[in-house]
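**Q** Take any residue in the sequence shown, count from 1 to its spot, add 43: that is its number in this note's numbering.
Hint data in this document are derived by calculation from the structure and do not stem from the laboratory.
Just to be clear, a hint being listed does not mean it is correct.
[Stated by the list, open to error] Derived Cβ-Cβ restraints for the label pairs, each shown as a range:
#  : residue 1 : residue 2 : range
1  : Ser110    : Tyr76     : 16 to 24 Å
2  : Ser81     : Tyr57     : 35 to 43 Å
3  : Tyr76     : Leu109    : 18 to 26 Å
4  : Phe97     : Lys58     : 21 to 29 Å
5  : Asp56     : Gly86     : 40 to 48 Å
6  : Lys59     : Thr88     : 35 to 43 Å
7  : Ser60     : Thr88     : 31 to 39 Å
8  : Ile66     : Phe97     : 12 to 20 Å
9  : Lys83     : Lys59     : 31 to 39 Å
10 : Leu79     : Asp56     : 33 to 41 Å
11 : Thr88     : Ile62     : 34 to 42 Å
12 : Ile98     : Ile62     : 19 to 27 Å
13 : Ser110    : Ala84     : 20 to 28 Å
14 : Ile98     : Ile61     : 20 to 28 Å
Here a beta-carbon is modelled for each residue, glycine too, at the ideal position from N, C-alpha and C.
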Amino acid sequence: MYNINKLNHGLMDYKKSIIHLLISLLLSPVVVYIVLLSAKATGSTYEMTHGETFIIWLLMAIVINLSITKKA
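Based on the provided sequences and hints, a complete structural model is requested.
**A** Printed below as a string of structure tokens:
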């Protein structure tokens, strides 16, 4: 009985982690574009290559993921 509960708890943590990752990956471009559009509204212009955009997307996803995970 103990092993089944431990296994279910482990699967729930795995599902929870994947859900947090997907949420952060979906929110990341939204946050990046909000920042870029607000900069454009003040008169600044930014041009980014696909590689730079990808790196910023991943870094922003990491920051969002760290902000929504429960601290131990």
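**Q** Work down the list of hints and note, for each, if the structure agrees.
**A** Hints versus structure:
Roughly 18 Å separates the CB atoms of serine 110 and tyrosine 76, a value that falls within the hinted 16 to 24 Å. Checking the proposed 35 to 43 Å range against serine 81 and tyrosine 57 shows it holds: the Cβ atoms sit about 37 Å from each other. For the pair tyrosine 76 and leucine 109, the beta carbons lie near 20 Å from each other, so the given range of 18 to 26 Å is met. Under the hint 21 to 29 Å, the C-beta atoms of phenylalanine 97 and lysine 58, about 26 Å apart, fit the expected range.
Restraint check, aspartate 56 to glycine 86: a C-beta distance of roughly 47 Å satisfies the suggested window 40 to 48 Å. Our hint of 35 to 43 Å for lysine 59 and threonine 88 holds, since their Cβ atoms are close to 40 Å apart. Under the hint 31 to 39 Å, the C-beta atoms of serine 60 and threonine 88, about 38 Å apart, fit the expected range. For isoleucine 66 paired with phenylalanine 97, a C-beta distance near 19 Å keeps the hint of 12 to 20 Å intact.
Look at lysine 83 against lysine 59: about 36 Å separates their beta carbons, and that is inside 31 to 39 Å. As the Cβ distance of leucine 79 to aspartate 56 is approximately 35 Å, the hint placing it in 33 to 41 Å holds. At roughly 36 Å, the beta carbons of threonine 88 and isoleucine 62 sit within the given window of 34 to 42 Å. In this structure the supplied range 19 to 27 Å holds for isoleucine 98 paired with isoleucine 62, their Cβ-Cβ distance being about 24 Å.
For the pair serine 110 and alanine 84, the supplied restraint of 20 to 28 Å holds, since their beta-carbon distance comes to about 25 Å. At about 22 Å, the CB distance of isoleucine 98 to isoleucine 61 agrees with the hint of 20 to 28 Å.
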